[in-house]
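Chain residues, written in single-letter form:
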Amino acid sequence: MDWTALSVSLRLAFGTCLLLIPFGLWLGRTLASRDFRGKAFCEALVALPLVMPPTVLGFYLMQSFGSDAPFGALWHRLFGDGLNFTFNGILVASLLANLPFAVQPIQRAFESVPGNLREAAWCSGLSPWQTLLRIELPLVWPGIVSAMALTFAHTLGEFGVILMVGGSIDGETRTLAIAIYDRVQAFDEQGAGIMSAMLLALSFMTIGVVYGLAGRRRWRHV
Amino acid sequence: MSERGQALSPTLAVNLHQVGPMPLAAEFHCEAGELLALVGPSGSGKTTLLRSIAGLYRPASGHISCAGEVWFDRARSVALPPQRRRVGMVFQDYALFPHLSALGNVMVALGHLPAMQRRTRALEWLARVRLEGLAERYPAQLSGGQRQRVAVARALARNPRVLLLDEPFSAVDQVTRRRLQRELALLREEIHIPIVLVTHDLDEASALADRLCVLHGGRSLQQGTPEALFRHPASPAVARLLDRHNVFSGEVVECAGQRRLKWGPCYLEVDHGLAGHPLGRQLSWYLPPSDVVLHRRGRPSHGERENPVQARVAEMVVLGGMTSVSLAFDHTPRLMRFEMATHAARRNGLARDESVQVSLLASGIHLMHESSDDHQPRHLQDTPQGALP
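Residue numbers (the numbering used here), protein chains in the order written: chain A, 38 to 259; chain B, 1101 to 1489.
Just so you know, the hints here were simulated from the structure itself, not pulled from any lab data. Some hints could be false.
[Unchecked claim] Selected chain B positions facing chain A (Cβ under 7 angstroms, derived; list incomplete):
#, residue
1, Leu1156
2, Tyr1157
3, Ala1160
4, Ser1161
5, Ala1195
6, His1199
7, Val1208
8, Ala1209
[Stated by the list, open to error] Non-contacting residues of chain B with respect to chain A, defined by C-beta distances greater than 10 angstroms in every case (computed):
#, residue
9, Arg1176
10, Gly1233
11, Arg1277
12, Val1352
13, Pro1388
14, Val1418
15, Gly1449
16, His1469
Ideal Cβ positions, reconstructed from N, Cα and C, are used throughout, including at glycine.
Could you build the full structure based on these sequences and the hints that come with them?
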């Protein structure tokens, strides 16, 4: 069992959730509640990682992370470090690859909240922030949990993008999924099997938590 | 309510105009303790006006003030958000927060009170709308009528300066509707703020409201008491919107030195308003069904010398104890409707295609300026009962 790879995977999954869910909340709510020019284009961009081959996304990210590309150069100037073959690089890649998993469940949840609930809250004297915290978030909470679980589980299993951007550097970019691949390449099927079982258990637990929490909304039950 | 609010007349005054996307040209007011019903067909702008008062919609121009406070004044760039308008709003589908209990829903609107008092006050409000014992139930566990009561309690809990009701009885069955309407009528005795009710149900509006404001295409066409509007619609358009059928057109003429209204071969006497019109003017006129008097066969009846007209029974519809009779005339394709007791219709031997004679009471004939096809609104004036527009 490669505990270092597990640690990298968990750090990556938690880091992606921590950074992406607040952004997903903002973008999901904006897409659900507002109509603006280019909205369809914006939604298509969010969904793109779903249909794009991970190696293609990884290739473009690797290109843009290079120090001669504008984004890579900017990052280097700001943080004094490159992105390719670093943990920060696979974190940024993971943020982009998981965009649809974080945004879409939250957007759907906000869309299912009737617009007049928001208005009723305003007419009851709640400010927009109070309305978000006391009315909207409790109603979209299952969507947020879904987004977190999907993002977490998908990050644990992400392979192509991570391999393209991060390679397989021990303790830095080698995640559990890549370690499994390495073990198979080295004909260590037992090691690969243990790590696969670990990933399976983690994924199952994550999905179990989602379904468990979603079933606890007693106000839905008459 | 603040001392300032109590010192000033807590009148709601609304005057809104815009060309699009929803055309608006509406002006009305509502006094404290008064119930004003905004009536009109779907798409007439009733809900848009209510949302404008609540601050949920900003029209292109206009002015809204309540209790001496300006809530909206486009010219001065004043547009208070809903939170600062102190409105109590009951939405069409009640818009209760599904994740909060009945108590929680009412407590949301009590943010102006110290946290310690909110629960007690919310329970008091629920008791006032007769929901004792149901405070911990979620909206999904309440009946339609109970939900409506929670919505009313939540709207009133904020101690609002105006109560806005958007089709509040449309989502419940008829028995519940009657009961809730009765409760609203009782509740009115306890709250002395302007109440604006949006409805497309004319019976509901005339039963509950002190005054009606008739809307069409975002325009307020006429305001007044239900009786005044039903007897004296300002225009044929208003008559149509109020489901008044007996609208015809005639010409002002002089006959034996007397002003008369020429309607086909008939020269009708009119008690009020004919003198104000020049000879030859075409006028629309309306006659309430109650002012059509059927002559009894073989026996002279009261008023039979007043505007007697020969007609043919075109339609008879029995609706329980009352029969709706439609009369056809040779000179106009329009039918004249009136109602009479079914047993009286039977006793008189009324039947389809029978020839009958009726009197059109001169005191009931109401003259209107526009021709019957004119949709243009009259200016926004209250029509006093018995007066001409």
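A quick look at each hint next to the structure:
1. Nearest Cβ of chain A to the Cβ of Leu1156(B): about 5 angstroms, under the 7 angstroms cut. The hint holds.
2. With 7 angstroms as the threshold, the beta carbon of Tyr1157(B) stays out of range of chain A, its nearest partner Cβ sitting at about 10 angstroms, so the hint is violated.
3. Given hint, Ala1160(B) at the interface with chain A, is violated; its Cβ is 19 angstroms from that chain's nearest Cβ, farther than 7 angstroms.
4. A distance limit of 7 angstroms between C-beta atoms decides the matter here; for Ser1161(B) the minimum to chain A is near 22 angstroms, and the interface restraint is violated.
5. This hint holds: Ala1195(B) has a C-beta 4 angstroms from the nearest C-beta of chain A, less than the 7 angstroms allowed.
6. Proximity of His1199(B) to chain A holds as hinted, the smallest CB-CB distance being about 5 angstroms (cut-off 7 angstroms).
7. Contact between Val1208(B) and chain A, as hinted, is supported at the beta carbon level, the nearest pair being about 5 angstroms apart and thus within 7 angstroms.
8. With its C-beta approaching chain A no nearer than about 4 angstroms, Ala1209(B) sits inside the 7 angstroms limit, and its interface hint holds.
9. A cut-off of 10 angstroms between C-beta atoms confirms that Arg1176(B) is not in contact with chain A; the least separation is 22 angstroms.
10. Taking the minimum C-beta to C-beta distance to chain A, about 18 angstroms, the non-interface status of Gly1233(B) holds against the 10 angstroms cut.
11. For Arg1277(B), the requirement that its beta carbon stay farther than 10 angstroms from each beta carbon of chain A is met, with the minimum near 21 angstroms.
12. Listed as outside the interface, Val1352(B) is consistent with that label: its C-beta sits roughly 52 angstroms from the nearest C-beta of chain A, beyond the 10 angstroms cut-off.
13. Every Cβ of chain A is farther than 10 angstroms from the Cβ of Pro1388(B); the closest lies at roughly 39 angstroms, confirming the non-interface assignment.
14. For Val1418(B), the non-interface assignment is confirmed: its Cβ lies about 43 angstroms from the closest Cβ of chain A, beyond the 10 angstroms cut-off.
15. Under the 10 angstroms C-beta cut-off, the non-interface status given to Gly1449(B) relative to chain A holds; the minimum distance is some 56 angstroms.
16. Under the 10 angstroms C-beta cut-off, the non-interface status given to His1469(B) relative to chain A holds; the minimum distance is some 40 angstroms.
Of the hints listed earlier, those the structure fails to meet are numbers 2, 3 and 4, in rising order.
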